[in-house]
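Novice: Here are the chains, one letter per residue:
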Amino acid sequence: MEQKSIFSVISPIMAGPSSSHTAGAVRLGLMARNIYNKNFSKVKFVLYNSFATTGFGHGTNKGLLAGVLGYSVDDSRIKNIFETETSIKYAYEYVQDISRHPNSVDIIFDNEFIISGDSVGAGEIRINNINGFYANIDGKYDTLVITYKDKPGMISSVSNMLQKQNVNIASLHCDRDSKGGDATMYIAMDIPVGDDIVAKVSQLKDVFFVTNVRKLKK
Amino acid sequence: MKILSFADLINICKEQNKTIWEIAEIEESALEEMNVDAVRLRVLENLIAMREAITNGLKSDEKSISNWCGDDCLKLSRGYKIRPAIFGSIFEKITKYAIATAEENLRMGRIVACPTAGSCGIVPSVIIAVAEERQIAEEEQINALLTSGVIGLMVSNKVQLAGAVAGCQAECGVASAMAAGALAQMLGGNVNEVLQAAALAMKNILGLTCDPVCGLVEVPCIKRNAFLAVHAVTAAELALCGVESKIPIDEVVDTLKITGQLMSPLLKETAKGGLAQTKTAIKLEKKLFKKNF
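From first to last, the protein sequence lines are chains A and B. The first sequence runs 1 to 218 under my numbering. The second sequence runs 1 to 293 under my numbering.
No wet-lab data here; the hints were simulated from the structure. Be a bit skeptical, because a hint or two may be false.
Said to hold, decoys possible - Covered stretches of chain B (chain A as the covering partner; in silico rule of three or more C-beta atoms under 8 Å from a C-beta of chain A):
#1 10 to 22
#2 37 to 45
#3 98 to 106
#4 142 to 148
#5 153 to 164
#6 250 to 264
#7 271 to 280
All C-beta atoms in this analysis are idealised placements derived from N, C-alpha and C, irrespective of residue type, glycine included.
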């Protein structure tokens with residue numbers, strides 16, 4: 001069992017009214033922003049189940065938007081974000097789908113990049129899908145997301161590079177669409193890696209792209 | 001924190017001859033890889049944010065989305081001026097501060113989830129009101145908040161602190177146990193008295209359901225913060241006189257968990273039972289949903 005901190009009980013300092021529906025929403029937005037890591041002009045949110053039904057009363061829609069724009073969970077501007085934020089276009093869709101977690105969202109950047117995640121309680125979140133690939137990112141660790149062509153030796157090539165920099169791997173997950181097809185690797189690390197490592201991994205043969213996803217602030 | 005149960009906590013406090021908050025800051029400093037001063041500073045940041053939420057809440061009468069709530073704190077401020085509370089000024093402050101914080105929460109104001117956002121008024125109102133009225137130093141308030149954190153954490157090791165999992169027992173109920181322990185600590189209680197206070201508070205909220213009208217953190221959540229803050233004071237007063245829970249605190253936590261499991265999902269944050277299904281609640285829901293969809 002993972003040891004818990006007393007700050008899991010006291011905290012977060014947040015804009016109300018709900019840790020799962022408001023703070024969790026902001027953090028899902030922040031995490032999606034870290035993953036996409038590009039400027040965007042349009043974003044769409046598909047809210048599922050409880051996010052869809054009681055979200056409006058909890059400011060879930062405002063929280064998600066605040067997150068993708070980089071606001072922190074305790075930002076007092078979240079409340080009036082619809083009045084103040086004009087830099088991007090945003091839209092919402094509300095869906096009931098029992099196959100999804102009760103507090104679930106798809107965040108779609110520029111009609112092309114889809115990130116799905118759940119708010120799992122007490123402000124904790126989990127990103128579970130990026131563009132159709134299984135993901136498991138909770139925002140507690142700096143995480144390398146690598147898409148590549150499935151082939152033997154990829155894990156060891158990447159982990160060797162990390163070892164040389166004395167980076168300890170906290171967890172590692174891989175997924176692929178088919179044998180020899182497109183694959184994704186998620187490496188949660190105890191310390192962040194620099195841009196030099198990201199560049200080196202990017203240059204490996206058959207690596208399509210690498211994103212260095214920063215962890216969320218506590 | 002490596003300590004998983006109250007029984008272990010009691011043993012460790014005894015072996016090391018330390019208070020709960022002393023154990024907490026040592027354990028926390030190891031877990032978070034920061035020194036004890038940094039842990040205390042982080043607790044202080046939360047305490048300051050709690051104070052600010054109270055200050056903001058006391059000033060505001062802005063209504064919530066439902067347009068139903070948001071002006072109760074102001075009513076208390078006015079009412080107590082005309083007719084002081086029979087329990088005196090500490091009671092006045094506790095009820096005002098609890099509702100000020102809870103109302104600030106529903107306005108999307110800045111609050112500290114403690115343990116949850118819906119129960120955010122209970123621990124701060126008790127610690128801050130008593131500290132102000134009794135001139136209790138900031139360091140002592142930090143100790144009290146650390147103590148309350150340990151109590152909440154021990155419960156959360158067994159039960160997820162969410163209305164959807166165990167009803168309001170696990171939110172306002174646990175907050176009340178945390179506040180009771182914090183208060184006993186601030187008033188000079190020993191380890192046993194602190195945990196007896198928490199046990200007594202928890203024992204007397206077992207079965208508390210989560211039936212928020214329209215699924216919002218408003219009715220009955222806001223006023224419940226004031227009720228369970230006062231409830232915490234009762235528990236601390238009894239414990240400090242030597243009254244003890246006949247059922248050990250770990251068993252009370254187990255009972256809370258099992259009661260939560262026995263509770264119908266209709267009464268666990270789904271808004272499908274209890275107050276949420278009254279005639280008035282349904283009428284309000286129709287009005288609200290028409291406006292927003």
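Novice: Each hint should be assessed against the structure and marked as holding or not.
Specialist: Hints, one by one, checked against the model:
1. 10 to 22: Check failed, 0 qualifying residues.
2. 37 to 45: Per the Cβ count (3), the hint holds.
3. 98 to 106: holds (count 3)
4. 142 to 148: holds (count 3)
5. 153 to 164: holds (count 7)
6. 250 to 264: violated (count 0)
7. 271 to 280: Violated, because only 1 residues of the region 271 to 280 of chain B bring their Cβ atoms closer than 8 Å to Cβ atoms of chain A.
When held up to the earlier numbered hints, the structure conflicts with 1, 6, 7 and fits the remainder.
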